[in-house]
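Enquirer: Here's the letter readout for the chains.
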Amino acid sequence: MMRNVAMIDAPPVAAGSAAPLDLTAIRRDFPMLRQQVHGTRLVYLDNASTTQKPQTVIDRVARFYLEENANVHRGVHWLSERATEAYEGARTTVARFLNARTPQEIVFVRGTTEAVNLVVATYGRSHVGRDDEVVISAMEHHSNIVPWQILCEQAGARLKVIPTTDAGELDLDAYASLLGDRTRIVSVVHVSNVLGTVNPVGEVVRLAHRRGIPVFVDGAQAAAHMPIDVQAIGCDFYACSGHKMFGPTGIGVLYGTSDRLESMPPYQSGGDMIRSVTFERTSYASAPHRFEAGTPHIAGAVGLAAAIDYLDAIGLERIAAHEHDLLGAATDAVARIPGVRLFGTAADKAGVLSFVLEGVHPHDIGTILDREGVAIRAGHHCCQPLMDRLGVPATARASLALYNTRADIDRLSAALQTARGLFA
Amino acid sequence: MTSDLQALYRDVIVDHNRQPRNFRRLAAGRKAEGFNPLCGDRLTVYVQIENGAIRDVGFQGLGCAIATASASLMTEHIKGKTVADADALFERVQRMVTEALDAPVDDLGALSALAGVRRFPVRVKCAMLAWHAMRAAAAASDEVVTTE
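Chains as they are written, first to last, in my numbering: chain A, 1 to 424; chain B, 1 to 148.
Since the hints were derived computationally from the structure, they do not count as laboratory data. Glycine included, C-beta positions come from ideal geometry on N, C-alpha and C. Be aware that a few hints might be false.
Pulled a few chain A residues facing chain B out of the computed Cβ check, cut under 7 Å [said to hold, decoys possible]: (1) Arg371; (2) Gly379; (3) Pro393.
Now the stretches of chain B that chain A is said to cover, found in silico as 3 or more residues with beta-carbon under 8 Å [to be verified]: (4) 46 to 59; (5) 92 to 103.
All chains, full assembly: derive it from the sequences and hints.
Expert: Printed below as a string of C-alpha cells:
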C-alpha cells in the first residue's frame, strides 16, 4: 500500500512560505481520491460537508485500537496510561493549532453542533434571561441558529440577526447598532458554508467586548483552510469539527477561555466530570474535564491530532494560498457558463462556490454531476434563512480542499456543460 | 453522458419540467402542500372532487425537474379518475420508481418516463412529492406532507 506522506515528500519550506503545494504527493496521501465512481475518477468537491482522510489519520486511528486502546483518566495500568497520554496529547496538539493559551482551554465534543449546544446549555442557560438578547447573523448554519432560538424561547429572550449585504458580507454598522445593554452573547460563523465569506471575526469580537459581551465563533468551515489564532481573534469561544479538517467524524473542539470555562456550570453529567460524589453533594472537576462526561471519543481525538499534524506539516498558509488560487480559477470557469448565477462575492472569501444554473434545479445539477464523477452538494446547506435572503430554495455548491486541482475544476466545468445540454 | 442520465432525463421529463401542465391553482376544491425538507422542494397540489371523482387538478410551486415533471404528468393522468383509482395509480407509480431495473412499465403510458428514477434511489422522494400531496389533498388533510 502507498504510504507516501506529503510531510515526508515535500521539500522543506519556511513557515508561512507560499511555495505551491506538491499536489501529486498530497493526492497520494488520500486513498479515497483513487476511487472510481460511475467509471471515472472521483472529483470530490463536497469538502464543506466533510473532507476525505489522509492515510496517516486512518493509520493513527487503527494504531490506537491496535496498540493503545484503554479507558482514559481511570486505570492505573500501563495501557490506560498510554491511552490517557494519547488523548491528552491530542488536546495539547489542538491547543497549539488554535493558539489557545493552555490545553485546559480545549474541550473535546462531537463536533461544532455539540459545541454550540454546550455553550447554550451552560453559559447561555446561566446568563440569558427574560428580555435579554442573543445576536447571531443571517448567514448562520442551522446549528448556530436553532440552539439559540430554543434558549431564547425558554428564557423569554430575543434573537437578533445581523443582516448581510448583497455581496454576502456582514453588515457591521447594523451589527454595532444591534449590540445593547440586553445583549448577553454574540454567535457568528467564521466562514460561511454557503457564501464562503470570511467574516471579520476580530472586529466582531472587538465591538462586542467594548460592551463586555462574549463572542462564540463557529469555525467549522475555517479550521482546515486558514491559520486560526483564537488569541488574535480574541473570541471567548471557538468551535470546529474534526471531520471537516481531515480527521474522524464524531470528534470536535470547543475552545473557551479559561475564565469563561471555569465560571460555567457542567454540561452533561456523569463519570469523568466530577471531583467527588456523595448522595448529598457532588463537586465538579475543573475545565475541560467538567464538560467531558463519560468515556470520550479517544480514538477520534487521537485521529484529529494526526490530521492537525498533517495540516501543520504542509502549512495552513500554503493551503490557504492554494485554495485561494483554485477558487479564482473555479469562479472564472463557472461564471463563464451561460445561465450561471454565483452567490457570495465577498472581498475576503474561502473556497466555497455556490451557484444556480438557469433552467436546471440544483438537485438535477447534483445528480448529473454525480454521474460524471463530480461530487458536489445541492440543497439549502442547512441555511434556510440565508436561502430566503438569497431568494432561492437551493443552490449547487462546490467546496474546495487542499487536494483539489485545476483538473478537478475542468471536470466540474465540463459536467456543468453536460447539465446545461440536457436541459437546453 | 451516461445512459442512466439519459434514462432519467428523458424528453418527456425535460418537456414537462420546462412546460408543466396544469400549473395553476384552483379557485375551488382542496389543496395540500408537499415539502421535501432535505432539498427545499415545495409543491402545492389542488384537487376539485365531485362524487368521488377528481374533476380538476392543478399544482404550483418550485421543485427539481423530477418533482416538477412528475407533478405535471400526475395531473394529466388523474384528472377524471375516481379518488380510489388515483390512489391505486399512486401505488403503481411508487412501485415503478422503486422496483427492479427490469420490471415492466408498459401499462403506465407517459408516466413510464419516470421509470428512470429507479436507478437513482435518492431521487425517489422527488418523484413522489406531488403524489403524496395529491393524496393528502384528496383525503382533505390540510397538513403539509413531507417526504420525511
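Enquirer: Output the indices of the hints that this structure fails to meet, ascending.
Expert: 4 and 5
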